[in-house]
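Asker: Protein chains in written order, with my numbering: chain H, 1 to 167; chain P, 168 to 385.
Worth flagging that the hints you see were computed from the coordinates, not collected in a lab.
Note that the structure is a prediction, hence the values are computed from the model and not measured.
Glycine residues also receive a C-beta, built at the ideal position from the N, C-alpha and C atoms.
Treat each hint with caution, since some may be false.
Cβ-to-Cβ under 10 Å is the rule here; a few derived chain P residues that face chain H [stated by the list, open to error]:
hint, residue
1, K174
2, L179
3, D183
4, I185
5, A326
6, K328
7, I348
8, L350
9, S352
10, S372
11, S377
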Amino acid sequence: MTVNENKENEFVKLVNESQGIIHKVCRLYCDDQTHREDLFQEIVLQLWKSYPSFKGDAKFSSWMYRVALNVAIQDFRKEKKRKYLFLESFEFKEPSTIQKNHYKDERIEALHKAISNLDKIEKAIMMLHLDDVPNDEIAKIIGISQNYVRVKMTRIRTKLATTIKTD
Amino acid sequence: MDIIELKSVWNLLQQDIISKDRVEVNKIMASIHSKSKSEISKIKNSLHFKFIIASLSIVAAISLAIATILKPTINPLDFVFSPLESVLFFIIMAISVAVMVFFNYRAYIQIRDIQQSDLNLKDNLKNFIKAMKKAIAFNIFSDTLMTPILAAWLYYAYAFKNQSLGFDFRTLLLFLLPILIGLFSYFLQRFVQHLKFGKYLNRLSAYSKSLENNSTEL
C-alpha cells in the first residue's frame with residue numbers, strides 16, 4: 001500500500017465515522033435529493049483537498065463542520081432567466097429554502113419547515129448548538145465572539161418558536 | 168418550542184438522517200476522486216478553456232506575423248491589408264490576447280484559491296467575496312479588451328482600404344471608435360456580470376457584514 005493510499009484510507013475512515021455532520025449540513029442547505037447528493041460530494045471533495053491543512057490540533061469533527069459549512073454557505077445554483085427581451089441571462093442564486101422533504105413525524109416536519117426560514121448563518125449556528133458543540137467552539141468555527149453566539153441563539157430560538165406557532 | 172423540546176426533535180431528525188442518508192465507504196472514496204460539479208468549478212473550467220484558446224491564438228498570431236515577414240506573398244489578409252499592415256495586425260492581436268490571458272489567468276488564480284479553505288466562516292466569507300469580486304473584475308477587463316481592438320481594425324480595413332492615414336475625420340474616428348466601443352463593451356460586461364452575480368454577492372456581503380458588526384460589538 002502506497003503512502004497516498006494510506007492517507008486516503010485514513011481520511012475515508014475519519015469521514016465515515018462523522019459522515020452524519022455532512023448529511024445534516026446537506027439536509028439544512030439543500031432543497032432536493034439531487035442537490036443534496038451534489039453537495040455531499042462537493043463537501044467530501046473539499047474536505048479531501050483541505051485535508052493536508054488539518055493539523056490535528058483541533059478535533060476532526062470541528063474541522064469538518066468548518067469546511068462543510070464553508071462549502072454549503074458559498075454554494076449557489078445557476079438559474080436560466082430571460083429578463084431583457086433578447087438577452088438571455090443566467091443568475092446565480094442561493095438554492096431555494098423551500099424544503100421538499102416530507103417527514104412522518106409532525107414535529108420534525110414543523111422543525112424542518114421552521115429551519116427553512118432561517119438564513120444560512122443562522123442555520124449554521126443553530127445546527128452547531130443543537131449538536132451540543134460548546135459555545136467557544138461555535139465561536140471559533142463561525143469567527144465571532146461567544147457573547148454573540150449566545151445572543152444569536154436566543155434570537156434563532158425565538159424565530160423558530162414564532163414560525164412553529166404561526167404554522 | 169423550548170430548547171429541550173427543540174433538542175429532542177433535533178435528535179429525531181438526526182436519527183432520520185442516519186437511517187436514510189448514510190452512505191457506504193466506497194461512495195466516500197469515489198467522491199474524493201470525483202470532479203467537482205459546483206458552479207465555481209464550472210467557472211474555473213471555462214476560464215481554463217479560455218486560457219488555452221487564447222494561448223493558441225497568440226501562437227497562431229505570432230506564426231502568421233513571422234510567415235508574413237519572411238514571405239510577404241503569403242499574406243493571409245491580402246484582401247484587406249498590405250503585408251506591413253498584416254504584420255502589425257498580427258503583432259497587436261498577439262499583444263492584446265496576451266494582456267487578455269494575463270487578466271484571465273489572474274481571475275483563474277482567484278477562483279482556484281477560494282475553493283479550498285478551512286478558515287472560520289467569517290474570514291472565509293470575506294475572502295470568498297473579495298476573490299469573487301476580483302475574479303469578476305479581471306474577467307470584465309479580459310472580455311472588454313478584444314472588442315474595441317477588433318472594431319478598430321475592421322474600421323481601418325473598411326475606411327482606409329485605398330487610402331493612407333491623414334489628418335481628417337476618418338483618422339479621428341479610427342481613434343475615437345475603439346474608445347467608445349471599449350467603454351460600451353466595459354459597461355455591458357459589468358451589467359452582465361452584475362446580472363449573474365450581483366444578488367448572490369450582495370447576499371453574501373450582508374452575511375459577512377452582520378458577522379463583522381456583531382463580532383466586534385460584543
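Asker: Close enough to count: is the Cβ of P:D183 nearer than 10 Å to one in chain H?
Answerer: holds (6 Å)
Asker: Taking the least C-beta to C-beta distance, is P:S352 closer than 10 Å to chain H?
Answerer: violated (15 Å)
Asker: Return the status of the interface hint for P:A326: holds when the least beta-carbon distance to chain H is below 10 Å, violated otherwise.
Answerer: Violated: closest Cβ of chain H sits about 29 Å from P:A326, beyond 10 Å.
Asker: Hint check: is the beta carbon of P:L179 less than 10 Å from a beta carbon of chain H?
Answerer: Status holds, d = 5 Å.
Asker: Return the status of the interface hint for P:I185: holds when the least beta-carbon distance to chain H is below 10 Å, violated otherwise.
Answerer: holds (6 Å)
Asker: Please verify that hint: P:I348, Cβ, nearest Cβ of chain H, below 10 Å or not.
Answerer: violated (18 Å)
Asker: Have a go at the P:K328 hint: is there a Cβ in chain H nearer than 10 Å to its own Cβ?
Answerer: The hint is violated - P:K328 has no Cβ within 10 Å of chain H, the shortest such distance being about 32 Å.
Asker: Let's test the interface hint: is any C-beta of chain H closer than 10 Å to that of P:S377?
Answerer: holds (7 Å)
Asker: With 10 Å as the cut and Cβ atoms as the points, is P:K174 at the interface with chain H?
Answerer: Hint on P:K174: holds, closest Cβ of chain H at ~6 Å, below 10 Å.
Asker: For the restraint on P:L350, tell me whether the closest CB of chain H is nearer than 10 Å.
Answerer: violated (19 Å)
Asker: Please verify that hint: P:S372, Cβ, nearest Cβ of chain H, below 10 Å or not.
Answerer: Cβ of P:S372 sits 12 Å from chain H, so the hint is violated.
When held up to the earlier numbered hints, the structure conflicts with 5, 6, 7, 8, 9 and 10 and fits the remainder.
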